[in-house]
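Trainee: This is what each chain is made of:
2 protein chains.
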Amino acid sequence: MQTAQRRERKQNKPSIYPYDEWRVVEDSFDVETNYRDETIFATGNGYIGYRGNFEEGYQGPVGTSLQGTYLNGFYESHPIQYGESAYGYAKNAQTMLNVTDSKIINVFVQGEQFSLFEGKLLKYQRVLDFRTGIMHREMTWESPAGNRVEIHVQRMVCLERKHLAAFSYEVTPVNFSGEITLVSALNGQVQNQVTLGDPRVGSAFHGQVLTTEDVVQDGSLAAIRQRTQNSRFTLVCAMENAIETGNQYHLEVGTKEQMASAEYTVDALEGVPVRLHKWVAYYTSKDYDEHELVQLARAEVAEARELGYDKLTAEQRDFLYEYWKHTDIQIEGDPALQQSLRFNAFHLLQSVGRDGKTNIAAKGVTGEGYEGHYFWDTETYIFPFFLYTHPDISRKLLEYRYTTLDKARMRAKELAHKGALYAWRTIDGEETSPYFPAGTAAYHINADIMYALKKYLHATNDTEFLLKYGAEMLFETARFWVDMGAYIPKHENQFCINEVTGPDEYTALVNNNLYTNVMAKDHLEFAFETARWMKENHSQVFTRLAEKLNLQDSETTDWQSAADKMYVAFDEEYGIYPQDDSFLQKEVWDFENTPEDHYPLLLHYHPLVIYRYQVLKQADVMLAMFLQGNRFTTAEKKRNYHYYEALTTHDSSLSPCIYSILSAEIGEVNQAYGYFMRTARMDLDDYNGNVKDGIHSASMAGAWLSIVQGFAGMREYGGKLMFRPVIPEQWRQYQFKVSFAGRLLRVSVTPKDTTYALESGDTLTLYHEGAPIDVSTGKPVTVSTEPKLEAVLFDLDGVITDTAEYHYLAWKQLADELKIDFDRKINERLKGVGRLDSLNIILENSTLQLSEDEKKALANRKNEYYQSLIEKITPDDVLPGILNLLKDLQERNIKIGLASASKNAVLVVEKLGIGEYLDTIVDAAALQKGKPDPEIFLTAADELHVPYRNCIGIEDARSGVESIQGAGMKAVGVGTPSAMDIADWAVQDTSELSVTKLLQWI
Amino acid sequence: MQTAQRRERKQNKPSIYPYDEWRVVEDSFDVETNYRDETIFATGNGYIGYRGNFEEGYQGPVGTSLQGTYLNGFYESHPIQYGESAYGYAKNAQTMLNVTDSKIINVFVQGEQFSLFEGKLLKYQRVLDFRTGIMHREMTWESPAGNRVEIHVQRMVCLERKHLAAFSYEVTPVNFSGEITLVSALNGQVQNQVTLGDPRVGSAFHGQVLTTEDVVQDGSLAAIRQRTQNSRFTLVCAMENAIETGNQYHLEVGTKEQMASAEYTVDALEGVPVRLHKWVAYYTSKDYDEHELVQLARAEVAEARELGYDKLTAEQRDFLYEYWKHTDIQIEGDPALQQSLRFNAFHLLQSVGRDGKTNIAAKGVTGEGYEGHYFWDTETYIFPFFLYTHPDISRKLLEYRYTTLDKARMRAKELAHKGALYAWRTIDGEETSPYFPAGTAAYHINADIMYALKKYLHATNDTEFLLKYGAEMLFETARFWVDMGAYIPKHENQFCINEVTGPDEYTALVNNNLYTNVMAKDHLEFAFETARWMKENHSQVFTRLAEKLNLQDSETTDWQSAADKMYVAFDEEYGIYPQDDSFLQKEVWDFENTPEDHYPLLLHYHPLVIYRYQVLKQADVMLAMFLQGNRFTTAEKKRNYHYYEALTTHDSSLSPCIYSILSAEIGEVNQAYGYFMRTARMDLDDYNGNVKDGIHSASMAGAWLSIVQGFAGMREYGGKLMFRPVIPEQWRQYQFKVSFAGRLLRVSVTPKDTTYALESGDTLTLYHEGAPIDVSTGKPVTVSTEPKLEAVLFDLDGVITDTAEYHYLAWKQLADELKIDFDRKINERLKGVGRLDSLNIILENSTLQLSEDEKKALANRKNEYYQSLIEKITPDDVLPGILNLLKDLQERNIKIGLASASKNAVLVVEKLGIGEYLDTIVDAAALQKGKPDPEIFLTAADELHVPYRNCIGIEDARSGVESIQGAGMKAVGVGTPSAMDIADWAVQDTSELSVTKLLQWI
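Residue numbers (our numbering), protein chains in the order written: chain A, 1 to 1002; chain B, 1003 to 2004.
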């Protein structure tokens, strides 16, 4: 039924940066890419963010640069304008402000101002270094008058000091001695970018928003105090400067309107560098009493000057050394990738708020896209990265959510619900999403945050956090579900969650979004279990909390009831989980007739048009199957993947990484690699063409997820850490580290094996492909992942025995009774065909008009005949060679499974007397789909706890061979030419099968 | 399953206007109600609209008045602000402007300015007269200094002259002689009301919008020219004045800023009136070249002065005489109602644009609610009123839609669709709805307009309009459906229309809204039929149009295919049509715990909350059942009515009239009357508390609909005009007129009969309760509607024969075979119970575990036994007295129907030999619901073409009696006490039944 093709998008423009493992390097200046490069070369410490602007200012064409400085969490608000408003709409927008520009250092060479657009640029290099944490530039410039200087600039935003940034600006006359002037300044006259048309950039303010209240100059030290109007924040930016020169110099300081500057004029000598150091501090009333701000900022820069520039660089380097020790992923065989992974991890560090009062914005602190807002991106994409590399940071992210709990309670109340509902997009916790169908309706945010909390607890055992903050958030959000959902009679009184929007924003306002329901179920179970555990282990804390929340005893059991009865629809026909109640009743998007330049769809089609079709912006059901992987079988993942993947545009940057992870999990490693590369280099290659507006922090973390949770298959359920590593053929090795429960684990994967090494902490039991492994420090464990035969899965009919004759006889008897012609030739058409369909084939030769009920009755009658016939089966009916094969396999401890679609399999096995050899018989009645769907073979392997690649399946029907291969196993085809044609190996007769051959083959 | 209660809303404040059949009269001035009264006393001619403001200005508190003058279709536009915009959103808002205030006539009495808030108001009366079309005021005022004057003001907006309004202002000194000054003015300094918070009022402009370009004064004549910025219209308002006094006077003219005035100072004598006449004209560049406007306006007022004031009043009276001749509805026994019906019809005339370029705004030209926009209200509610009273006006409304067809084409293109999509709300045709889920998503607007076109053609045979305008609109809108809908595999490849919002705006963005699908089906059939008819009868016109539209031959057949395969869901369990695919899967709104002051819900709950529940703002399925009444049976109407009525808040003023109509149709006349009264006096009683923002034009028309289509049951299908009159017990008679196909028909309904009189035109065949009647001029036809026995409907089992014994024996045989205890006592429980449920009762005594299929098989087996047993039935098995009764009924031409739920009824009738007596046997297998649902008896009556009230049903089971009574028939209960208890009459035995008794009873 699907006509849609998976669409491969071309990347925008190939990267201009040479591959360098620890740096991004730009060797020439390009106006065309400058706007984007400003994002790439941005520096930050999770609080202060500088775009990669030039200290000397920018004289290029309008629209090729955004001079930006941001403070995480520092915003102005303003009332949202609605064409048509309604009750409960989000009232205020919040915009992260472009704050006081403190990057300014202007250079005059013998009176001529340095500019990239005048004179000659003889050399240019800009470097962002992930190990030093410094952005530096080297330039050789010849002024229009012919005076040549070498310039070397360093900039760092101090990772150890939230409020501090530092600059080193060095100018060396090359072909002259003369006057060099360096003007270091603060400029309060700043405003946000005005971008219209693209909903992802957001409508910002027009004109200046910050009111400048005071400009102070005190020698080389200066400060500007500014204020916001609506959010009522005060901001102070201070600078200190120091000139380093052997020559004479003159300092002139001054304030002008909203500017403060320190102008150093130096009598410079040819070949002798002049160096200016500049320290900048930002303090706001979000953190401190507003009267202390000036003092704090001044003290900060004074202290920094005292300390000296080099101390700060050393501190920065040390900090990053520790960071990389826990964070670095190494890939052998792919330098482009290696670079981007470090680039991503570095920017994530630069973006993440670590003070417990801020979070991580969609664009970090590198640009104005999405207005500096925090989304579910944090918990769903970025949180795991920090949790498994720097759990202390991940705690801070959860602490932030706790600070906004009161606002979440208020929001729930506005919506006439109990409990708390977290804001879909926000800075300070208030809902600011002006389009509720893709804002407030994304109720899953509550479950997403609580999922992160659960993972955090499993990975850290930080019960102190749970008792102090976590439980309160958990209970308030759980009661929200119970209040907003309902037991719906038309869905057998299952618990339904109606009128929501799931992760896929190309579908909105639906009932029972699969992701939402499954996540809510997990959330409610977690809440119930936590309440139970607290009552047992921390009853006083629980009682106090219950009193505070007015939490009734019945509520906690309501959580469990709702979870138990959570409605999860399943479509029998397709064998998949519908994304929501109505999804499969929609038309499939016409991908074939959608021009390439009409992506992303949201910029070319009205929401009503997009909502009307089966088309996904991003992973939805698949995201549920990743996060809640233990609730779904591999067969389900495969089947749903194939359905939804074909419908997904990946118009959201949050999509490819999830598809990469799932591709890896279902064994499509090449596909996983493709999706991973889109994720990993999304920003460096500017895949979506909007890096200028800021980095994609979630996608950056998604690259980490794709490796650790994708290729290495790391999962954590119930505190157990599990891996199922695969490796793309492009790589020789990959290696990463995981912090878990106080341990630091190193995992290395090669095409042949996986090594687990514990770098610190107590012995850890982890699970490799389902099997437990104990790892201790100094005792790495290497597990081979080379294929070996661990299990053989047999079809029954035509492989172990031949019941075909009995089927023929049973049908023959029925046909005779109905007076329908039926012979062995017609019988051939029945092979591999289900019971009712077989009957329909037979009825082709009849004029009988039968109802479905009557047909069922006839099919049952045939089965009764068949069952009487197979009563006669004896051990002699086992086909030649099979009994020996079973015995040999058993002797070698190779497991044996029976994967037969026949509902009479158990009876036949009993009659054949081979039950003792079989380690498992799959219950065909419990399957969602028959062959050629791989479910039956996957199930057999799962029941035997054997990796699929270590199984061989033996089949006589083509659909059976397809089923085996679909399961990622090797197939032996027996006897039937159509099956033998596509099988990995073929035999004419079962007597040709032997253990030796099977071992040889694999 | 329903816990919801129908909620009766209290009216806001009882009407202060005394009941007066032809006028609204206000005898005292009340600041509290002034804002509202300004709407009530508004005057207009479908183009110019004056709120009922005082000529002397208003000095009352802020918020108690809106000085307003409007021109239908004259607006300013401005870009809509979206917090988060998206592709294809409506770009511009349009707001009907408050234009140049020309009402001003200030009065000074010996230098003291008249004001309602100073001095003493000794007498006050304000009157709106529906026959003269004049709003007049009588006042006696004593100035603070003690000078007393009588004031008499008249105002009219000329119904015959689009651009003209006229005033007569008379002042008579009562207790003094002295100076009276009258200042007549135009004021260009006007602005729209700023109302925030209520989405229904709409966000208007802040401050003055019209730019005043010129103020001209030329003696007593003056003009102001103004301009809009974005819509680029020019407006000229001119005035002429004339004083009428025997005394000396002095005229001083002048312009000041944006004002022009003529000041008459008169030396008035005690007892001698001073009278000022004023004529005002409005001309805009929407109608004429902007350079001609001043000249046109001046000429208009000059001509009016020439003509004299009295000629204009005579013209006005004549116009209204003709209007009422076609329009007036007379009610005997309800003066309050009589007043409101005329009030409504008068305001509808004042509101309707009759120039083919304008339409009728939701609030007419009386206020700023909904910004002067046109909605589907026109075609669905207001159009029928004009169609059946003044078809020439209804044509103008359709012409307006044609003028916006190009904009509708553009809108379709923006939405990536073929054809045309009319704007949900607009003035000039451009979509201006800023909230698409209750705007663009209401795609049904296309079908609504085309439905009006169809009705227009049936009522006028105006093929010229069809060929010139109608077909083009019809084809373009039809191709839109085919493009946006789809054949959906999961709905058996039926044609589905997904992602729409139906009339009920408390549910949004759903699939297969019943109303939308049924209306679209009708629309597509109409388009196909029209294309076929044109090809046959006007092939050249068709070919030209097809070329213009690039219409392929296959497209017209696509219309028919989509109509044929239109998906209309039916819920077997409830026996109703779900409002949409997901409606019944939602929770029912908790009406019981919703405080009275939380209505309308939209002002107290977030849309997400409202959308999540089964709760209706207004009629939806029921509206489909009204408009497409011939596609639904009475049984369906009853069942759906009872389901949806309980869920409807009537938060929309469009709701009660539809429920009134349906209530009348299903025989709930009291209920119909209640809903009707809410509709009829909605504005006079200010039921929703927002009359201040303007009249509710749709609801006003709804009152007319409620009488003509509700109580009188008028329907038109396929050109046939039908009536099914009922009359509320409160009335002695009601009478109305209908223009149809060139005739003028008068219909009078009393409790006893209905009279059809043709006032003009050729003989008309109409249908009274399904029976054709020919009416010619001078030959009125009176049809009795008093109950008389026309049909007797028999249950079979227990009434005509007793097959109960055979059922018992058949069950007994089955039970014995299954070895289950079964006796006559248990058998009693099976009476009136279906086959499968009976089996379940029997199985209570068994431990057998049976599948549904197996149960079906057993039930079939029992039926086989039963069928063999009833083979033995003979005519002797007819119960005593029945045969005679059947014979007697047949002799008296009283029809006989068999309403038996038994699927073996035909066989039993045959065996009994009574087939010859039966005029119909209902096919029980074709029914949606069994007894006690009334469907079976309703079906029998329908098949016999007998009104329900003229049927008697005879039943032996309680559920059967309930079924009869639910059908609005009288029931005879036979034998069984539980049935006899609730029956209208009861007999112990069939032998007691006789024709005489039945005739007596009825």
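In case anyone wonders, no lab produced these hints; they're calculated from the structure.
One should not assume that every hint holds.
[Claimed, not checked] These stretches of chain B come out as covered by chain A in the derived footprint (C-beta under 8 Å, 3 or more residues):
id	segment
1	1279 to 1290
2	1356 to 1370
3	1853 to 1865
4	1975 to 1981
5	1986 to 2000
[Unchecked claim] Derived BS3-like pairs: lysine-lysine, alpha-carbon spacing no greater than 30 Å straight-line:
id	chain 1	residue 1	chain 2	residue 2
6	B	1905	A	855
7	A	812	B	1858
8	B	1639	B	1550
Glycine included, C-beta positions come from ideal geometry on N, C-alpha and C.
Trainee: Against each hint, give a clear statement of whether it holds in the structure.
Mentor: Verification of the supplied hints:
{"no.": "1", "hint": "1279 to 1290", "result": "violated (count 0)"}
{"no.": "2", "hint": "1356 to 1370", "result": "violated (count 0)"}
{"no.": "3", "hint": "1853 to 1865", "result": "holds (count 3)"}
{"no.": "4", "hint": "1975 to 1981", "result": "violated (count 0)"}
{"no.": "5", "hint": "1986 to 2000", "result": "violated (count 0)"}
{"no.": "6", "hint": "B:1905 - A:855", "result": "23 Å, holds"}
{"no.": "7", "hint": "A:812 - B:1858", "result": "27 Å, holds"}
{"no.": "8", "hint": "B:1639 - B:1550", "result": "42 Å, violated"}
Checked against the numbered hints above, the structure breaks hints 1, 2, 4, 5, 8 and satisfies the rest.
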